Amino acid sequence: MLTETAAAQKLREAQGFTLIGKRIQRLDGLEKVLGLPLYTSDIVPKEALRVKVVRSTVPHALVRHIDTQPARQMQGVLAVLTAEDIPGINESYALLPDRPLLASKKVRCQGEAMAIVAARDLETTEEAAEMIRVEYERLPAVTSPVEAMKTDSVLVHDNGNVAKYLRVRKGDVQEGFRQADVIIENTYGTQFQDPTPMEPEVGMAWVEKDGSVTCVGSMQTPYYVQTGVAKVLGLSPDKVRVIQATTGGAFGPKSDEMPVDTCAISALVAQRTGKPAILAYGREESMIAHTKRHPFVITLKTGAKSDGRLTASEALVVSDTGAYASLGPLVIIRACFHATGPYVIPNVKTDAYCMYTNNTMAGSFRGFGSPQVHFAAESQIDELAKKLDMDPLDLRLKNILRPGTLTATSQLVDEACGLEECTKRATEASGWRAKRLEFGLDRGPFRRGIGLALMYHGNSLGPEGNDYAYVHMLIKPDGRVVVRTALTEYGTGAISGLAQVAAETLGVPIQLLELGAADTASCVETGPTVASRVMVIGGRATQIAAQKLKKKLLTVASDFLQCEPSKLTIKGELVGHIDDPKRTVPFRKVVEECYRRHISLTETGYYIAPKCEFESENSQGTTYQQYTYGAVVTEVQVDTELGIVKPLKITAAYDAGRAINPLSLEGQIEGGTIQGLGYGLMEQLIHSHGMVLNPTLGDYYIPTSLDIPELQTIIVEYPGAVGPYGAKAMGEPPVDLPAAALANAVAHATGSRVFDLPLTAEKTLFAMKRQQR
Amino acid sequence: MNGKDQALIVDSTERLLDVLRDRLNLKGVKEGCGTGDCGACTVIMDGRLVSSCLVLAVQARDKRITTIEGVGTRENLHPVQKALMKYNAAQCGFCTPAMILAGKNLLDHNPTPSKEQIKEAISGILCRCTGYYKIVDAIHDAAKEISEARC
Chain A
1 MLTETAAAQK LREAQGFTLI GKRIQRLDGL EKVLGLPLYT SDIVPKEALR VKVVRSTVPH
61 ALVRHIDTQP ARQMQGVLAV LTAEDIPGIN ESYALLPDRP LLASKKVRCQ GEAMAIVAAR
121 DLETTEEAAE MIRVEYERLP AVTSPVEAMK TDSVLVHDNG NVAKYLRVRK GDVQEGFRQA
181 DVIIENTYGT QFQDPTPMEP EVGMAWVEKD GSVTCVGSMQ TPYYVQTGVA KVLGLSPDKV
241 RVIQATTGGA FGPKSDEMPV DTCAISALVA QRTGKPAILA YGREESMIAH TKRHPFVITL
301 KTGAKSDGRL TASEALVVSD TGAYASLGPL VIIRACFHAT GPYVIPNVKT DAYCMYTNNT
361 MAGSFRGFGS PQVHFAAESQ IDELAKKLDM DPLDLRLKNI LRPGTLTATS QLVDEACGLE
421 ECTKRATEAS GWRAKRLEFG LDRGPFRRGI GLALMYHGNS LGPEGNDYAY VHMLIKPDGR
481 VVVRTALTEY GTGAISGLAQ VAAETLGVPI QLLELGAADT ASCVETGPTV ASRVMVIGGR
541 ATQIAAQKLK KKLLTVASDF LQCEPSKLTI KGELVGHIDD PKRTVPFRKV VEECYRRHIS
601 LTETGYYIAP KCEFESENSQ GTTYQQYTYG AVVTEVQVDT ELGIVKPLKI TAAYDAGRAI
661 NPLSLEGQIE GGTIQGLGYG LMEQLIHSHG MVLNPTLGDY YIPTSLDIPE LQTIIVEYPG
721 AVGPYGAKAM GEPPVDLPAA ALANAVAHAT GSRVFDLPLT AEKTLFAMKR QQR
Chain B
1001 MNGKDQALIV DSTERLLDVL RDRLNLKGVK EGCGTGDCGA CTVIMDGRLV SSCLVLAVQA
1061 RDKRITTIEG VGTRENLHPV QKALMKYNAA QCGFCTPAMI LAGKNLLDHN PTPSKEQIKE
1121 AISGILCRCT GYYKIVDAIH DAAKEISEAR C
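Protein chains in written order, with my numbering: chain A, 1 to 773; chain B, 1001 to 1151.
For reference, chain A alone in the conformation it holds in the complex (with noise of 0.2 Å):
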């Protein structure tokens, strides 16, 4: 629906908001529409360079010789770069000290930059760039997580395959077992998914009169970039200024180490040449450099007693990050605190590692380690629901979590939970009862499944950093208030919400609000773009930006109104008395008499979230100080002779806390349902002996427009204790069910599990052949 209905008008306004639940247009909206939005690629001044990055050809190699000689004397070269020219240090990477800008000695992956070339025509760059020749001396390389776990591994890295290991351990897992009537263990596998967001990666770098460098990009964290590009270069951080360019999507890997590395080879090569230098890449290019999802293998063994109640859980959760960490030793910690799905469960034991190979690096996307873990996890229900003979709804609602209850952390989930609303609505909504037994009348080649997943997701950064924000606000003389931080918008929309938040806090139109760019020189450093942290940490800050705002406003006010600031209050385009709607004036003349005073009206609010204290040596405690919880269902239709699935419905539960703006929530669950449905049922980034064999669009599938079955959502509302009027993480949580509800739902189908995905025509009617078998 479009519009607001006359009912959920009300509730807004029954609950004081203006403008919180309102399906508002995004501030941005009218530019896009016009195509007018400048990304990088689209601004680039006439002599900028073009640049090209040679890469590995081999995914684990001794580097004898790179032999750039060739490329150097051809015509129109302007710079031909590797390690050694480099001024500063020659690093990029987001956590662990692993990863090189430009590789020299020694190659771990395929992809790795070796060498830079640089000309005034994109031909000309790519010509050089392929007279670069490359002398390996070849290594054996691990490709497979669990190989790399074995002591006789390839070490990828001199100390050891383990990027990270953690665990959790609650109660007493023998003797879970020990009470539990069933008990069954199953091993689930996952596929490296490619984010492709639209855009690929591209950086552009140009040298100021001072010397100091500017870099323009598509980037989730311009702070980020700033810090690894003055690394690089050898400047202080003070003189690199970033700035985001409009981003077209990012989904995780435009946040950490591909950002700063096409910034900071650009700005390589403008230090050296003294032109504006750019760095695009190609989407093969992309898709082989840039991190992606995390492959696990997770083996999952479950108790219950035979009434449903879960007794004990036992997890072996194995991560493969490729050749470089990135952020895979956080993505681990996630993974490893989810591994049991949204359950009640006494005694759990959890071993996750995090391990090297010689595969492509893996890291930040979109739901961070969570699709994985909640594929396994909700497999696993269904796998004992069928084993108990019971219907896998009811075994789920035996055992969620509801308030009162303990995570497997042995966090107390508190009232903001809406697990058991969105089960029984989104189960309600799409006829669970009726379909479980109708599809399992079907008979011919054809056959229907419904497949029910629940999900909980610890919202922003938890136990992953330290969570916090930085937001400006500006009132200019004309009443227009911009808002201004280094969080950034690469699409879902969050940006504009922290307008509506600003907006609904100072009392005035939306129509008076306006977006700042993300600029190293006009906004401090306010931590990462990532975890779904814009609307909650920077909606707080925001907030608190907005009261400071009006406290000033208010007080002027009570001059021109002979009243206490207390007794005032804005609304639309006027300050006015709360007993007394006659008594106004114009917010504009407020704002124009604190200039005449004056008195700044630019404002910054900060924000940090509460620690997340827990012990560490059993991950006991709480985790993360709020959840987002969904329940997903889907319906699909296999041909039982080709193993083709096709889906035909789904239905979204979730509690997002607080819909700030219903309709952009609406579009962050479309479009995280179908980027999860992708991952369910076709992507896969196809490695090959640590060789990429997919790296095109036309060769790796993601959903088109004729792919999307009919989608339900349904959003529930318990506010959390975190974000703004209890908003929670949003932007994530819609990807990290639909492949574990379609393979429950193609389990429904056809009787047998396909333990791995994406869940192609050729493993679902491998595991019905087993089946027959």
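Derived by calculation from the structure, the hints in this document are not laboratory data.
Any given hint could be a false lead.
To be verified - List time: in silico DSSO-like cross-link candidates among lysine-lysine, alpha-carbon distance up to 27 Å: (1) Lys435(A) to Lys1115(B); (2) Lys1144(B) to Lys22(A); (3) Lys1086(B) to Lys571(A); (4) Lys46(A) to Lys1004(B); (5) Lys1119(B) to Lys646(A); (6) Lys22(A) to Lys1082(B).
Said to hold, decoys possible - To list a few chain A residues with every Cβ distance to chain B over 10 Å, as calculated: (7) Glu13; (8) Phe17; (9) Lys32; (10) Ser144; (11) Asp172; (12) Pro197; (13) Ile243; (14) Thr247; (15) Glu383; (16) Lys435; (17) Ile544; (18) Arg583; (19) Leu663; (20) Ser688; (21) Thr760.
These figures come from a predicted structure and were not determined experimentally.
Don't be surprised by glycine CBs; every beta carbon is placed ideally from N, CA and C.
Once you've looked at the hints, dock chain B against the given chain A.
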């Protein structure tokens, strides 16, 4: 070219995409892959959608080309543009120009398309943000608005 004659001498190897972007400064045309798979560079050529990365500029000789710059203006948006705005159907915005051109071209030929026909019409353009739903709904709404305006 967006309703105007445009005389240009092009090299036989130049892609239409590059001529549009670099020589005519029509930056609303985007490049997402360069292999004709993503559709971000879609333009309308003589009433048909083409991937301008796969069309040589010389092939556009004597053809009518429409890009996003020729669809609507700030003051006078095309109904498809208006509808995409209303639905917040432009998220990152990178596929948006192509989606709007596909929607406009469909409605030029078929003013009352079904949702299935809309999905078919935009199926050559990939979008990673929206899951397509709001785009389909928006184009469907625009069709209604156009037919109501005609009545």
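Cross-check of the supplied hints:
Pair hint Lys435(A) plus Lys1115(B) holds up; C-alpha atoms about 26 Å apart against a cutoff of 27 Å. Between Lys1144(B) and Lys22(A), the direct Cα distance comes to roughly 24 Å. Compliance with the 27 Å bound is thereby established for this hinted pair. For the suggested pair Lys1086(B) and Lys571(A), the alpha carbons sit about 24 Å apart, so the restraint of at most 27 Å is met. A C-alpha spacing of about 25 Å is found between Lys46(A) and Lys1004(B), which places the hinted pair at or below 27 Å, so the restraint holds.
At most 27 Å may separate the alpha-carbon atoms for a hinted pair to count; Lys1119(B) and Lys646(A) meet this at roughly 16 Å. Proximity of Lys22(A) to Lys1082(B) is assessed by CA-CA distance (about 19 Å); at most 27 Å being required, the pair is judged to hold. Non-interface status of Glu13(A) relative to chain B is upheld: no Cβ of that chain comes within 10 Å, the nearest being about 22 Å off. Annotated as non-interface, Phe17(A) keeps its C-beta farther than 10 Å from every C-beta of chain B; the closest such distance is 19 Å.
Non-interface call for Lys32(A) relative to chain B: violated, since the shortest CB-CB distance, roughly 4 Å, does not exceed 10 Å. The Cβ of Ser144(A) sits about 29 Å from the closest Cβ of chain B, beyond the 10 Å cut-off, so the non-interface label holds. Under the 10 Å C-beta cut-off, the non-interface status given to Asp172(A) relative to chain B holds; the minimum distance is some 44 Å. With a least beta-carbon separation of about 6 Å from chain B, Pro197(A) fails to lie farther than 10 Å from that chain, contradicting its non-interface assignment.
The beta carbon of Ile243(A) sits about 17 Å from the closest Cβ of chain B, which is more than 10 Å, so the claim that it is off the interface holds. Distance check on Thr247(A): its Cβ comes as close as 7 Å (rounded) to a Cβ of chain B, failing to clear the 10 Å threshold; non-interface status is violated. Interface exclusion of Glu383(A) from chain B stands, the closest Cβ pair being 29 Å apart, more than 10 Å. Every Cβ of chain B is farther than 10 Å from the Cβ of Lys435(A); the closest lies at roughly 22 Å, confirming the non-interface assignment.
Distance check on Ile544(A): its Cβ is at least 26 Å (rounded) from any Cβ of chain B, clearing the 10 Å threshold; non-interface status holds. Here Arg583(A) stays apart from chain B, with its beta-carbon at least about 37 Å from theirs, past the 10 Å limit. Against the 10 Å criterion, Leu663(A) falls within the reach of chain B, whose nearest CB is about 5 Å from its own CB. Even its closest Cβ contact with chain B, about 21 Å, leaves Ser688(A) beyond 10 Å, as expected for a residue assigned away from the interface.
Its beta-carbon lying about 20 Å from the closest one in chain B, Thr760(A) satisfies the requirement of being farther than 10 Å from that chain.
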